[in-house]
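**Student:** Residue strings, one per chain:
Protein chains: 2
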Amino acid sequence: MPVLKNDRFLRALLREPVDITPVWMMRQAGRYLPEYKAIRQKAGSFMDLCQNPELACEVTLQPLERYPLDAAILFSDILTIPDAMGLGLYFTEGEGPRFKHPIRDAAAVKALGAPDPEQELKYVMDAVRTIRKELDGRVPLIGFSGSPWTLATYMIEGGSTKNFAKSKGMMFEDPGLLHDLLAKLADSVTSYLNAQIAAGAQAVMIFDTWGGVLSPRDYEAFSLAYMERIIQGLTRENNGRRVPIIMFTKNGGQWLTRMAESGADALGVDWTTELADARVQVRDKVALQGNMDPCTLYASPERIREEVAHVLSSYGHGAGHVFNLGHGIHPEIDPEHAGVFIDAVHELSKPYHS
Amino acid sequence: MPVLKNDRFLRALLREPVDITPVWMMRQAGRYLPEYKAIRQKAGSFMDLCQNPELACEVTLQPLERYPLDAAILFSDILTIPDAMGLGLYFTEGEGPRFKHPIRDAAAVKALGAPDPEQELKYVMDAVRTIRKELDGRVPLIGFSGSPWTLATYMIEGGSTKNFAKSKGMMFEDPGLLHDLLAKLADSVTSYLNAQIAAGAQAVMIFDTWGGVLSPRDYEAFSLAYMERIIQGLTRENNGRRVPIIMFTKNGGQWLTRMAESGADALGVDWTTELADARVQVRDKVALQGNMDPCTLYASPERIREEVAHVLSSYGHGAGHVFNLGHGIHPEIDPEHAGVFIDAVHELSKPYHS
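Sequence order for the protein chains is C and D. The opening position of the first sequence corresponds to residue 0 in numbering that gives the first Met the number 0, with each subsequent residue numbered one higher. The opening position of the second sequence corresponds to residue 0 in numbering that gives the first Met the number 0, with each subsequent residue numbered one higher.
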């Protein structure tokens, strides 16, 4: 493996000193980039693009050609595991992901197999290997998965949902069945992320997009517990270097103190929490990743720089901050604004690391 | 005016002793009730129903015929003010509220008039008067409005939104224009709620459905500040009795300490915060209203009672708790489950008030 030329992202996740604050953007390979849209059109469906390692590699690298980003993230979807379990993932325009065969009863949960990451999900591992080769040590590559609870909501609802009627219905009415499903998912996510690490992922992130719709007790029992189980099962080393784990529960700002005990090296934070408060809550036990409101990028370059300055000063001095948006970049954002944002992080963060 | 026979809701909001914990449900007059659906079909569109004081009164009272609720809430919509300002509110199946004439520039903000509550919104005041008469002192009547920020998001986006691209775009790029719009809305909400109080509303609630999508600083500047302005302008008395104000920012659990300083008598709390923690945060300065996850009502009667017991014990002993759901009741809920919920609150709360 080639020597890693820029390791500021990995260092910050482990709260080691860096020269400037590293930055990347959730969904940095995505629809705001015209070059992404061109490839997407060529590839066919969104899943066709995910399942083509060469094209997945190409779109993963696109934002790195434009911007001095400190990390690359595998181009894929959070729902690859349920798809590999046979639920039949597809996407409808404007309605998001859907499953042909949702999970509604004990028989369906029982019938779920554990996908072999190097078989049913080989296209993901091939993409990781291809990207690592093409990256040639420029920046680290992040692998990822959805959290068990987040995957379960889509699998039970059959797609996106506003009220979580069926998934919470199962949680309240048949919690044992939901626990069975979550346990299966946790095991599959563990082997999936371990396979990504074996294939070359240098950090992994667990996206708990929907943990924040739960009560504190239900969050601990149905989402956090299974992320902790995954973290306990992960290979923490890749070629002699520690593989940091980032855990991100959207709208989880109230539970950061508890999340800091999970075993994750870093927590994603959305913009509804001040990083200064978040840092107090996690007592410097973990690094923090975030947290500018992605809508800031609709504003002028001057305003974007102001907001970057605020987020940097909110985290304050010292190691342990990876700059990111608090959520994925929106498709309508002007790519030049993304560039202003990334440059501002690097330029304005120097004083915080002297 | 007739004597109020059941004042436990008003007493709890003012943190005065009660015999049992009062309970009502957001959207208690709504689609989960077959008798509501029958009237809704008869009335025509949703707005036709809101604008017919007799029918609005009838649906307001429907849940009180079924359940021993401790409050009635005016049947109306949070978007009546922008509609009265000429934006042309209408509803599309599955897509929620829409405006024919969204607000996009300074000229549109400048052109907005202040609706006279007894003219353009007379149908609301007539409904309040009719309901008060029909209630005949059984329980208090709650009036309400959307918060300025919440109204502004719909007015700027032209309807519901996921990303708040246009409203946050204005916030970041032209904050002065957004402040102009919010100031106009705050004035209109103030006179609208004062007119509801004059017509007979015995408590008022401000629904800040979308304050929780803001950063802490933006929440204070663009949502909370305008709710405080409204609270300062409200008539706090009706026939010699104090009119309590309830403020509810969905997903605002991180900001309860700040919200307790707003002048509101009570804060709505959603289920992502434990009431025990919320009570510590607000230091018994205000009452708390909430906070069972409405999805609990999908579960069995036994499970519903368990959850009621948990919420009651989380708030603990003493005055200042109004039981409610953390969000509106879902349309698919079995009305019998709602009944189990309400009875459980009354039955299980006795020991907390001895």
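Source of the hints: derived by calculation from the structure; they are not laboratory data. Wrong hints could be hidden among the right ones.
Same chains, same label: a pair holds when it works inside one copy or across any pair of copies.
[What the hints assert, rightly or not] Once the Cα atoms are required to be at most 20 Å apart in a straight line, the calculated EDC-like pairs of lysine to aspartate or glutamate come out as:
1) K161 with D333
2) K165 with D333
3) K161 with E92
4) K249 with E273
5) K41 with E346
6) K4 with D125
7) K161 with E94
8) K165 with E119
9) K165 with D47
10) K99 with D76
11) K36 with D173
12) K36 with D333
**Student:** One pair to classify: K165 and D333, alpha carbons no more than 20 Å apart. Within, between, both, or neither?
**Tutor:** Cα proximity of K165 and D333: across copies only (14 Å, versus 38 Å in one copy).
**Student:** With identical chains treated as interchangeable, where does the CA-CA distance between K4 and D125 reach 20 Å or less: within a copy, between copies, both, or neither?
**Tutor:** neither (23 Å within a copy, 72 Å between copies)
**Student:** As a check of your reading, is K249 near E273 (CA-CA no more than 20 Å) within one copy, between copies, both or neither?
**Tutor:** both (14 Å within a copy, 18 Å between copies)
**Student:** Tell me, please, which holds for K161 and E92 at an alpha-carbon limit of 20 Å: within, between, both or neither?
**Tutor:** both (17 Å within a copy, 15 Å between copies)
**Student:** How would you classify K165 and E119 at a CA-CA limit of 20 Å: within, between, both, or neither?
**Tutor:** neither (28 Å within a copy, 41 Å between copies)
**Student:** Is the C-alpha distance from K99 to D76 at most 20 Å within one copy, between copies, in both cases, or in neither?
**Tutor:** Only inside one copy: K99 and D76 sit 17 Å apart there, 36 Å across copies, limit 20 Å.
**Student:** With identical chains treated as interchangeable, where does the CA-CA distance between K36 and D173 reach 20 Å or less: within a copy, between copies, both, or neither?
**Tutor:** Close neither inside one copy (43 Å) nor across copies (30 Å); limit 20 Å.
**Student:** How would you classify K41 and E346 at a CA-CA limit of 20 Å: within, between, both, or neither?
**Tutor:** neither (37 Å within a copy, 64 Å between copies)
**Student:** Given identical chains, is K165 near D47, meaning Cα to Cα at most 20 Å, within a copy, between copies, both, or neither?
**Tutor:** Result: close neither inside a copy nor across copies, 29 Å intra and 32 Å inter.
**Student:** For K161 vs D333, is the C-alpha pair at or below 20 Å within one copy, between two copies, both, or neither?
**Tutor:** between (29 Å within a copy, 19 Å between copies)
**Student:** Treating 20 Å as the Cα threshold, decide for K161 and E94: within, between, both or neither.
**Tutor:** Both ways: K161 and E94 sit 12 Å apart in one copy and 12 Å across, limit 20 Å.
**Student:** At 20 Å max between alpha carbons, let me know whether K36 reaches D333 within a copy, between copies, both or neither.
**Tutor:** Close inside one copy (14 Å), not across copies (46 Å); limit 20 Å.
Against the hints set out earlier in the document, violations occur for numbers 5, 6, 8, 9 and 11.
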